Amino acid sequence: MPALTVTLALIIFGIGAGSGALGALLGLGGGVFLVPFLNLVLGFPFGAAAAISLTTVIATSSTVSAGRAGKQLINMKLGMLLEVATAAGSFLGGVTAQFISQSVLQKMFGVVAIAVAVIMLSRLKRRNVILDPGADPGRLGGRYYEHESGADVIYRVKRLPVAIGASFVAGNVSSLLGIGGGIIKVPVLNAWCGIPLRAAAATSAFMIGVTATAGAVIYYGHGQLQPALAAAAVLGVQVGSWGGMRFGAAASSKWLKVMMAIVLFILAAMMFVRGGR
Amino acid sequence: MKLERAIGAVLRAGVLVSSACLTLGLLMTLINPNGALPQALLNTGIIVLLATPVARVVVSIAQYTLERDWTFAMLTTVVFLELLASAVAALVFNRKL
Chain A
1 MPALTVTLAL
11 IIFGIGAGSG
21 ALGALLGLGG
31 GVFLVPFLNL
41 VLGFPFGAAA
51 AISLTTVIAT
61 SSTVSAGRAG
71 KQLINMKLGM
81 LLEVATAAGS
91 FLGGVTAQFI
101 SQSVLQKMFG
111 VVAIAVAVIM
121 LSRLKRRNVI
131 LDPGADPGRL
141 GGRYYEHESG
151 ADVIYRVKRL
161 PVAIGASFVA
171 GNVSSLLGIG
181 GGIIKVPVLN
191 AWCGIPLRAA
201 AATSAFMIGV
211 TATAGAVIYY
221 GHGQLQPALA
231 AAAVLGVQVG
241 SWGGMRFGAA
251 ASSKWLKVMM
261 AIVLFILAAM
271 MFVRGGR
Chain B
278 MKLERAIGAV
288 LRAGVLVSSA
298 CLTLGLLMTL
308 INPNGALPQA
318 LLNTGIIVLL
328 ATPVARVVVS
338 IAQYTLERDW
348 TFAMLTTVVF
358 LELLASAVAA
368 LVFNRKL
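Same order as they appear, the protein sequences are chains A and B. Each residue of the first sequence is one higher than the last, beginning at 1 in our numbering. Each residue of the second sequence is one higher than the last, beginning at 278 in our numbering.
These are computed hints drawn from the structure, not numbers from a lab. Heads up, a few of these hints could be off.
[As the list claims (entries may be wrong)] Which residues of chain B face chain A? A partial, calculated answer using Cβ under 10 Å:
1. R282
2. G291
3. T306
4. L307
5. L314
6. N320
7. G322
8. L327
9. A339
10. T342
11. L343
12. W347
13. V356
14. A362
15. L368
16. F370
[What the hints assert, rightly or not] Once the Cα atoms are required to be at most 30 Å apart in a straight line, the calculated DSBU-like pairs of lysine-lysine come out as:
17. A:K257 / A:K71
18. A:K71 / B:K279
19. A:K257 / A:K107
20. A:K158 / A:K254
21. A:K158 / A:K257
22. A:K257 / B:K279
Note that the coordinates shown come from a computational prediction; the quantities given were computed from them, not determined experimentally. Here a beta-carbon is modelled for each residue, glycine too, at the ideal position from N, C-alpha and C.
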């Protein structure tokens, strides 16, 4: 672990800002970029990198959800139901992470980074599920006002066990690898469970605060979380995601997604090379 | 709706307090790396950050109980217990204990 200097704090703040901005532009948490940078470029142990990343996930979740609460985009009931599964997955991941070697975690990260890239590329054009305006939202479904169409979007939750299973896996991966896990939940909720992309993303962003906390607490107790370094990363991510949301709304995300998928493939390859030793 | 507003307020307060502590703690650590106050501020910032989602879950339990929505009061209680289990695991892993 390198000693804290002004330079290191600035570097981590900068990496955090970059990851946060990319995350906001792509609708991802920035963790998938932050963890490899801290681990591979700065040489932090994998657990320390994951711990720092999880604190930024919590900060992003709280900030974004505070701004959205009351606008009905977050499906709180569905979120709280699925949190039972993500928190369980995350707790188990946090406990087992302490016993898994760095090289195995690096290879796992490589696999997940490739999966993220493939999902991103396969969803370049997809926008939404087909909605039935007369649907009864039921107990878990939702309703929110969509600005573009000027109408209420009503949806019903389908295949709840699939959503619960995906949430458990997302929670597990989250605390093992230090990412939010939205990349696993959002496509599943959208493609299989009938939840509009925006509501799925908002609900996932709401949930990852609890998910990441269940993991981060364990790293913190284990002494793997350096508060000063986490502070630099958290503040960087806050600034970056604020900037990304403010200036990135108009940017065409298609080329950005292709570019980021390429970056992810490279990061995955680097993780495999390091993990292979 | 009441719940959404309450949750929004809890999250906003948590973010503000933790960001303030982390900013101040980080700047002071960079000036004086061995001070006790900067370390305390940084740890407070991290603990508030970690406690914010927990507080949000507690508020949900209270609100669902008031509304007599027992299913969701129970589900949110389970989430709270899982977070508690993580905290217990954290203490077990803490070598200082």
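Hints and how they fare:
no.	hint	result
1	R282	5 Å, holds
2	G291	6 Å, holds
3	T306	5 Å, holds
4	L307	5 Å, holds
5	L314	13 Å, violated
6	N320	6 Å, holds
7	G322	6 Å, holds
8	L327	5 Å, holds
9	A339	13 Å, violated
10	T342	13 Å, violated
11	L343	15 Å, violated
12	W347	13 Å, violated
13	V356	5 Å, holds
14	A362	6 Å, holds
15	L368	6 Å, holds
16	F370	4 Å, holds
17	A:K257 / A:K71	28 Å, holds
18	A:K71 / B:K279	12 Å, holds
19	A:K257 / A:K107	23 Å, holds
20	A:K158 / A:K254	29 Å, holds
21	A:K158 / A:K257	28 Å, holds
22	A:K257 / B:K279	38 Å, violated
Violation of the numbered hints given earlier is confined to hints 5, 9, 10, 11, 12 and 22; the remaining hints are satisfied by the structure.
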